[in-house]
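Asks: Each chain, letter by letter, is given below.
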Amino acid sequence: GAGVSQSPSNKVTEKGKDVELRCDPISGHTALYWYRQSLGQGLEFLIYFQGNSAPDKSGLPSDRFSAERTGGSVSTLTIQRTQQEDSAVYLCASSRDGSTDSPLHFGNGTRLTVT
Amino acid sequence: QKEVEQNSGPLSVPEGAIASLNCTYSDRGSQSFFWYRQYSGKSPELIMFIYSNGDKEDGRFTAQLNKASQYVSLLIRDSQPSDSATYLCAVVDSGAGSYQLTFGKGTKLSVIP
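Protein chains in written order, with my numbering: chain A, 184 to 298; chain B, 792 to 904.
Calculated directly from the structure, the hints in this document are not laboratory data.
Here the structure is a predicted model, which means the values were calculated and not measured.
Honestly, I wouldn't trust all of these hints.
To be verified - Residues of chain A placed beyond 12 Å of chain B at every Cβ, according to the derived structure:
1. Gly186
2. Val187
3. Gln220
4. Asp239
5. Arg247
6. Ser256
7. Ser282
8. Ser285
9. His288
As the list claims (entries may be wrong) - In silico lysine-lysine, BS3-like type, Cα no more than 30 Å apart, as pairs:
10. B:Lys833 - B:Lys896
11. B:Lys858 - A:Lys194
12. A:Lys200 - B:Lys858
13. A:Lys200 - B:Lys793
14. A:Lys198 - B:Lys833
15. A:Lys200 - B:Lys899
16. A:Lys240 - B:Lys847
What the hints assert, rightly or not - Footprint (simulated), chain A over chain B, 3 or more residues, beta carbon under 8 Å:
17. 807–819
18. 853–864
19. 874–880
20. 893–904
Built from N, CA and C at the ideal position, the CB exists for glycine as well.
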């Protein structure tokens, strides 16, 4: 696609429910990243994929968070048993090949609100 | 813990003036440096990247890098009200095998007409 596409754009869920967030990267980009941004805070790294593999999961805040990527393309971030502190904007980004001179291009994000 | 520090602002400049945004980073192994602009309620968009010491110019924007001082800056010439946004500095260190960007919290710029 022309840009990184994320869905849904907004999600309101009750505490304790599971949610799935989807990211469709730019066509041909092998690297995919998930970040989250809480109100007034900087971007927090969650996980990085190169192809279908996740060499760096260091940023996942707890075992309630998981992510997968299939076919080297679409990725899903799953949050189980959501908590109010999970409320944030979840941003997905892709880059050509994950190299240090390959800039990240961000999607418009999913705003998650846990009530 | 790698850190990227920015003055949160807000930085207010009059229209037509030069806006100077600064960023320091903690990890000497950092190789690549990026500036992103984020309008309120929107996602970050890439403005510039710089890898080598010195200046890099692109239109009204100039990025400056000094690896010895672990300092990177962004100058915006002839500032316009449409430049009002939060500017995020981001740093990559590939030493750990992961091309993870560490972001600063951003500097909010306000250009006054």
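Asks: Would the pair B:Lys858 and A:Lys194 pass a check requiring their Cα atoms to be no farther apart than 30 Å?
Replies: Between B:Lys858 and A:Lys194 the Cα gap is close to 42 Å, so the pair fails against 30 Å, i.e. violated.
Asks: Count the residues of the segment 893–904 of chain B whose CB lies closer than 8 Å to any CB of chain A, then report whether that count reaches three.
Replies: Result for this restraint: holds, n = 5.
Asks: Is A:His288 truly not at the interface, in the sense that its beta carbon sits beyond 12 Å from all beta carbons of chain B?
Replies: Check fails; 7 Å does not lie beyond 12 Å.
Asks: So is the segment 874–880 of chain B in contact with chain A by the C-beta rule, three or more residues under 8 Å, or is the coverage claim wrong?
Replies: violated (count 1)
Asks: Using Cβ atoms and 12 Å as the threshold, tell me whether A:Ser282 really stays out of contact range of chain B.
Replies: 6 Å, violated
Asks: Taking the shortest Cβ-to-Cβ distance between A:Ser285 and chain B, state whether it exceeds 12 Å.
Replies: At about 7 Å from chain B, A:Ser285 fails to clear the 12 Å cut-off, so the statement is violated.
Asks: Determine whether the non-interface label on A:Asp239 survives the test: each CB of chain B must be over 12 Å from its CB.
Replies: 4 Å, violated
Asks: Would you mind confirming whether the straight-line C-alpha gap from A:Lys200 to B:Lys899 stays at or under 30 Å?
Replies: Violated - the C-alpha atoms of B:Lys899 and A:Lys200 are around 35 Å apart, more than 30 Å.
Asks: Is the Cβ of A:Ser256 more than 12 Å away from each Cβ in chain B?
Replies: 19 Å, holds
Asks: Mind verifying the non-interface call on A:Gly186? Its CB should be farther than 12 Å from each CB in chain B.
Replies: 10 Å, violated
Asks: Would you check the hint for A:Lys240 and B:Lys847, treating anything up to 30 Å between C-alpha atoms as holding?
Replies: Measuring from Cα to Cα gives roughly 33 Å; hence the hint is violated.
Asks: Hey, A:Lys200 versus B:Lys858, does the alpha-carbon distance stay inside 30 Å?
Replies: 46 Å, violated
In summary, the structure is inconsistent with hints 1, 2, 3, 4, 7, 8, 9, 11, 12, 13, 15, 16, 17, 18 and 19 from the numbered list given earlier, while agreeing with the others.
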